[in-house]
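> Protein sequences, first through last, are from chains A and B. The number in our numbering is simply the position in the first sequence, starting from 1, with 309 added. The number in our numbering is simply the position in the second sequence, starting from 1, with 137 added.
Hints are computed from structural coordinates only; laboratory data are not their basis. Given the structure is predicted, the values throughout are model-derived calculations rather than measurements.
Here are the simulated lysine-lysine pairs, DSS-like style, with alpha carbons at most 27 Å apart:
| # | chain 1 | residue 1 | chain 2 | residue 2 |
| --- | --- | --- | --- | --- |
| 1 | B | Lys279 | B | Lys189 |
| 2 | B | Lys279 | B | Lys200 |
| 3 | A | Lys363 | A | Lys392 |
| 4 | B | Lys189 | A | Lys406 |
| 5 | A | Lys406 | B | Lys145 |
| 6 | A | Lys323 | A | Lys363 |
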Amino acid sequence: MSANPKPNGKKSLKLMIVDDSNIMRRRIERSQQFEELQVVGTAGNGVEALELFKRTDPDVVTMDLTMPQMDGIECIGRLVTLKPAVRILVISALADKATAVEAMEKGANGFLNKPFTDRQLNEAIAELLC
Amino acid sequence: MLYEQELKTFIDATTNFFSVAAQEPASIGSPYLMEGAPSVLEYTGIISISGKREGVVYFTAPKAMLTVMLMKMQENDFSHETMRDLVGEVANTISGNARRDFSREFVISVPSVLSGEKPDMPPHAGRRSFIIPINWRSHSAKLVVSLS
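Please construct the entire structure, taking both the sequences and the accompanying hints into account.
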């Protein structure tokens, strides 16, 4: 499947990026090619993510799993409770199947392993937006 | 004694990071064994392992290599914190692949990051170690596997 960004599309979906790595947060923000996604904020752990989520009400979230204070699995559960319609793409180096299943059971909608190419990121987001 | 498949998991995770994130494959130098604690370079990402095996695995790299990697990743922040962040991500990838490939008899920590050439290494470091040179462009890093 190929990513299908809309070059002149209207920004209508709010994106929140959650990762404890500054490099990864910037990378995701820079590499995602979807004009309809507007980055409303980034967070470095689950606690910051919850606060940001309540303030900005994003529609789409990219979520790391291994983070200090509150990990991604717990954060996913809390975000889905706050907004069941939120679309969550897990982006994690945890490559085992059990972790992916646990994230999906908590409410994640997609899973992308680190490291990733720009193409893989955009394909994963495209699937999430379908 | 380490099994070849276990070493392969650590090596593949490291080289995959170069191929995918830095968009240029790394080559592996001749691995060698060393008694005692191998020296580290300027930045080190480390994971601890317990259970079936005990010890540490770490990726240690010079600042010059990390700087070029960041350039290839389109980064424009070359601060000390970003260097630490990068070796942490390499270690994170090694940790994630080990969790995928190894049984639950292995307990694998989240990565930690050390900087400086004489950092305080975790207590398990320092026994007999496999050292795998990781060569990328004109730079060389080391993957150190120190497990019993």
